[in-house]
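Enquirer: What follows is the residue order along each chain.
4 protein chains.
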Amino acid sequence: MSGLTYHNIKDIRNIKLHGRMDTGLDVVPLLSNGHGIEVNVSGSQLWADVEADYTDFEPWAAIEINGELISRFMIDKGSHRICLFRGIDSSRITRIKFYRELQAMSDDKTTNIIIKGLETDGEFMAPPSYDYRLEFIGDSINSGEGSYGAVTDEDWTAYCMSYSRTYVNLVGRMLNAECRVISQGGWGVFSGWDNDRRHYIPRFYDRICGLASGGANDKYGAGRSYDFSSWIPDAILINLGTNDCSGFGQPPFTDPETGAVYRLNTNEDGTFASGDVKLITDAAVAFLKTVRKNNPTSHIVWLYGMLGYKLSLPLSEAVNRYITETGDKNVTYIQLPMVNETTVGARLHPGLKCHKLAAEIITDYLKEHFSNQPLS
Amino acid sequence: MSGLTYHNIKDIRNIKLHGRMDTGLDVVPLLSNGHGIEVNVSGSQLWADVEADYTDFEPWAAIEINGELISRFMIDKGSHRICLFRGIDSSRITRIKFYRELQAMSDDKTTNIIIKGLETDGEFMAPPSYDYRLEFIGDSINSGEGSYGAVTDEDWTAYCMSYSRTYVNLVGRMLNAECRVISQGGWGVFSGWDNDRRHYIPRFYDRICGLASGGANDKYGAGRSYDFSSWIPDAILINLGTNDCSGFGQPPFTDPETGAVYRLNTNEDGTFASGDVKLITDAAVAFLKTVRKNNPTSHIVWLYGMLGYKLSLPLSEAVNRYITETGDKNVTYIQLPMVNETTVGARLHPGLKCHKLAAEIITDYLKEHFSNQPLS
Amino acid sequence: MSGLTYHNIKDIRNIKLHGRMDTGLDVVPLLSNGHGIEVNVSGSQLWADVEADYTDFEPWAAIEINGELISRFMIDKGSHRICLFRGIDSSRITRIKFYRELQAMSDDKTTNIIIKGLETDGEFMAPPSYDYRLEFIGDSINSGEGSYGAVTDEDWTAYCMSYSRTYVNLVGRMLNAECRVISQGGWGVFSGWDNDRRHYIPRFYDRICGLASGGANDKYGAGRSYDFSSWIPDAILINLGTNDCSGFGQPPFTDPETGAVYRLNTNEDGTFASGDVKLITDAAVAFLKTVRKNNPTSHIVWLYGMLGYKLSLPLSEAVNRYITETGDKNVTYIQLPMVNETTVGARLHPGLKCHKLAAEIITDYLKEHFSNQPLS
Amino acid sequence: MSGLTYHNIKDIRNIKLHGRMDTGLDVVPLLSNGHGIEVNVSGSQLWADVEADYTDFEPWAAIEINGELISRFMIDKGSHRICLFRGIDSSRITRIKFYRELQAMSDDKTTNIIIKGLETDGEFMAPPSYDYRLEFIGDSINSGEGSYGAVTDEDWTAYCMSYSRTYVNLVGRMLNAECRVISQGGWGVFSGWDNDRRHYIPRFYDRICGLASGGANDKYGAGRSYDFSSWIPDAILINLGTNDCSGFGQPPFTDPETGAVYRLNTNEDGTFASGDVKLITDAAVAFLKTVRKNNPTSHIVWLYGMLGYKLSLPLSEAVNRYITETGDKNVTYIQLPMVNETTVGARLHPGLKCHKLAAEIITDYLKEHFSNQPLS
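For the record, the sequence lines run as chains A, B, C and D.
Positions 1 to 376 (the numbering used here) are the ones given, in order, by the first sequence.
Positions 1 to 376 (the numbering used here) are the ones given, in order, by the second sequence.
Positions 1 to 376 (the numbering used here) are the ones given, in order, by the third sequence.
Positions 1 to 376 (the numbering used here) are the ones given, in order, by the fourth sequence.
No lab work stands behind these hints: they were computed from the structure.
It cannot be assumed that every hint is accurate.
Repeated chains share a single entry, so a pair holds when one copy, or any two copies, can fit it.
Straight line, CA to CA, 30 Å or less: simulated DSSO-like cross-link-like pairs of lysine-lysine [what the hints assert, rightly or not]:
{"hint": "1", "residue 1": "K116", "residue 2": "K10"}
{"hint": "2", "residue 1": "K356", "residue 2": "K16"}
{"hint": "3", "residue 1": "K367", "residue 2": "K278"}
{"hint": "4", "residue 1": "K16", "residue 2": "K219"}
{"hint": "5", "residue 1": "K329", "residue 2": "K367"}
{"hint": "6", "residue 1": "K10", "residue 2": "K219"}
{"hint": "7", "residue 1": "K310", "residue 2": "K356"}
So here's chain A without its partners, still in its complex pose:
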């Protein structure tokens, strides 16, 4: 392996960093799903100098070579020298994407992957270019829960989650779009699947990686304010509501800190109590306003339906209300097909086929939308 040169990650200019990141660090932290690095590199091989940690949920990562998934693996605690590729004719330029599969773990704030350097016998060329920037905000669906694993798998494991097989990644490929994702299994726009009102995604939207903040990852900037002007999305796709809906079927939740008891009530006829639905739609309207405030030009799409349609009408009403209240019409609502026995993955969540169908629908929509827009 003579001829390999070590490059501190921060010294490499021709590199594309994926995901919101604190740019003031000496390392590249992968705190969330889809966070990663991408390079076009000459040379016969490329290795990454990586450090990882976790307590309960081990981080997983994936490697794409020239746009195809080649490798997917857990990274154990400690330092690792990970081969991103080797054995390629050094006269070629190889496109490598190395990214985190596992979502930011709000339940394990020690989980992380840190890239410190890259080693190669080649050179870093101009990084890949993308036609669009897309931000995806969501829950377990965006976190790819069930996109790996047997349909009989029941445990909430790290391995069953992914970025690689989600519609996020698939839309990105189909549109040649750079994608970022903020998502957390079990969280909603108003409260979590179990009525835990601390588990709403909007809470952390203005942080770099708020879901991983408040613990060991703060040293990597997880809790810092995010500079929205640093990366302006062409479209923002919010897929929330599935866990809010779940709350109606769950017992009350007692906040362990405050003792407050939270529930969402179902009427005797099985319909949802209007006042409780309004909590969710109010939260959705408020979140749309927050997203717009921080992203004045982005097209906003609310997505819903892959795990059931029960909040479809309230969520579309929220989008309508947002439009009425603000006059902002640069927003829409797209319903996605519900998972079925052919498309289901592990843990009764969408499998790869369900993600593919969603990706096609989203891509068709965005293609048409972008083709009708003046070039920016």
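Chains B, C and D: place on chain A using the hints.
Expert: What follows is chains B, C and D alone, placed relative to chain A:
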């Protein structure tokens, strides 16, 4: 062909008639798509004594044998002896469905197919049984426009429309449901694709086959009041809005009778004028009320999206408004995937693949809905 | 319908006739599957003046408009004026193919369809052009048995056979090839499915339509010698052997005319008796020689497997033996995937999916073969 | 991680070892594709104590959890503690398969993976049971070359090969069969793709892993005689001939040791010289005899076609000749569909879709074959 016995159609007890019909006639008129007869018959053959007419748009029909499409053809003017099957071992019972492919032709009120009798060497057994009753209300999508024909076909012909390849027929097969459809290409819930305000489907909802009324077909009961208590749907699926949306992009329409000029206005930024959108949503709310008044127990689903999502938010708002105004929650809104270059048929309309995808989504939804309902 | 002009079929110069035919007739007889006419016609409509007959097996026909199947129907005995299209803007040129679905019926030599004339308000333009000429020789698979009908259908009916859904038609579309087919359900290269040694396809290869000869159809030239120089195939695809194989599992057959008893014997271990297999391979070698004698330049492909692989080795041996004996290497052997529960149609025969898969494999092969050939 | 117990791999009784192995070792060597271990284990986690080596071609491995591929990765030189799973409820039994992706590397006889022990907090339960035993013998197709990687990838890398995506693995899943594979990219039944006559698979058929023998791996038994009585296949599937065929288009090969020059000659008309084809068919007949000698009861299937049909007739002739010479009829020949632009993977080799189609055809055939056999 010795051994064949002629049965007047009205003397056959073991027969299932499909579609709204005037039951006081001596014949079975097929005035609209999906109208037809279905029998379980022993014997080696079955022939239909049929009369047809048209001026501009010739009627088409199809034959399904044991649940599979076998034949599809135009029926010319005049009397015909049509073979529904022959050559089958007479010890078997064969299930035959003979139905009209072409929508009710509001533009040609002479178009019809009349069944006067059946000839067989066998006997009519108990007719087929269905698990559900579904009513589909819609436009050219429900009329199967483009479900036959080359993608390059541009003319509005009778042959390019069908019942056989629509999601209506496909949902019916997947759910073992008896389906009825009321649809007309170019019509909307408020006005037609060209802003013609006479072309709204609700206008004829309480007639047996109002779209064919006002002309030669009135002698077959086309214009008579429909008795909603005669057939109570488990679900009513309304797929309207696509032509209303089209109006925004069309020139004003001048009513040839009144001279009134109708348009739907687009704002300078390309969005639709709120007041004009409200005309459509008001019409949708009103139609939901009409449908509910006539069908107190049916689950109502508003479908939309196969030819574009632009009115998705207003239509879901209309459903929400209907719920708020009436307190009736037995209604929902399902968005269907937009046609794309893989799924398109003739005349830029949904092809068979697009109908199949829609049918799967609708079937998944209804299966879940019905499984959660107490048995009626 | 003013403006329609009647053209005797023989007076139309711009017409493509499909299938082997006696050119000395005043009419166009459709004696076999795939026999038909094809025109490019301007005008708003086209009608065919047709006469048909049958005793036991009624003829079926199909209409393709601009390359897509639009209509498929039985034709009853007698004279008919059949609409091939109407309602199209008369400024367009419409491509129409009207062809017979049902195989030549060796069991009902009265079955036929005769085209006497065409009526249109337009003109016949230059007929469609094709890139290749392909001749397909086979049995029930080529006759499309089971390509229509429910998987539960058991009777040997005319409706369950087709040209439209066979791999023959599908290969033709994919390669833009003019296809002719000589096929008969139950027949083999040596003997029929039931050991009837009169039922071997080579018997009639040099007749125009020998399978329909010896009866009423001789007046349409069915039994006349075929002039092989009149239409030189680029490739000839022989799909025979399936019924020969079946004979090993059937009881002996007694020739009703000669009293001779024929059987194919199975060894105690279930394998086929070598001497009886040799009867089949000898017949295959002889047939290859016959085909080559009549078609000196055509590439010959022996196809086999869609209903089982049991004679795969003997048939490929026959092809090898033919090459050894003649030195002719312009011949190959392609095995096609056996039908399975996903691809099966009616009567345990290949369904549309099975034909599609076969068509893709054949098309891939021929594309590569033709691309390696010098242009003729 | 308290509670983990280390088990020397040789002390674990409830374990299934995959692939031919020297059973007299203290470790489990994974010298070839598909070699691996499989366990049913209770407990929350399982770790493998692994050592690996290579000079040019790094080994790759994969993990299946409950029958689904979860992870796939390169293993670097040295000792590793690899997590096979963690985070699962310890009350469950988890089925784990950990296997080598990369073929035995005849070009790098240092390449290997050695499993020394397993660590778990659970217990090893009865190992999984299989319904059949299948042995697959082949070349780059069986080695999964091109089953990973972009269609534009051109280098012969370790990452582009797999066991996980080959038809071998897919047939195994569909039939619940234990599969073993002996394969080497570029090798034939007579000589290699470049006419190298040392590169014929039969050379090493009677060794445990002869392709990896003659170097560092001999200490793991690679070169030792294989005891055919230790594992009796129900079927043996030989997919060879593709590289022999390639030789006809390649320049002569000079044996670097002997100086002998080898070529396969093409006639002026592009056909293959008969004498040279006979070298290949003689080798195929001889290999069939060898395989039969060592496996008296196994059904033998010669597979061919995924990369072209040019030797289809000679190879089927070889099978026929083998039958004639030996009287052994427990052998057949199955042609598999050639890769096309829809099914191609990297390096112009079969992609996943091509392997899936082959797997379905093989599975259909074996299902029927086994269903007709008396239970052993």
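Enquirer: Could you run down the list of hints and mark each one as holding or not?
Expert: Now for the hints, and whether the structure bears them out:
no.: 1; hint: K116 - K10; result: within (8 Å within a copy, 39 Å between copies)
no.: 2; hint: K356 - K16; result: within (26 Å within a copy, 36 Å between copies)
no.: 3; hint: K367 - K278; result: between (33 Å within a copy, 28 Å between copies)
no.: 4; hint: K16 - K219; result: within (22 Å within a copy, 46 Å between copies)
no.: 5; hint: K329 - K367; result: within (18 Å within a copy, 35 Å between copies)
no.: 6; hint: K10 - K219; result: within (17 Å within a copy, 45 Å between copies)
no.: 7; hint: K310 - K356; result: both (22 Å within a copy, 23 Å between copies)
Checked against the numbered hints given earlier, this structure breaks none of them.
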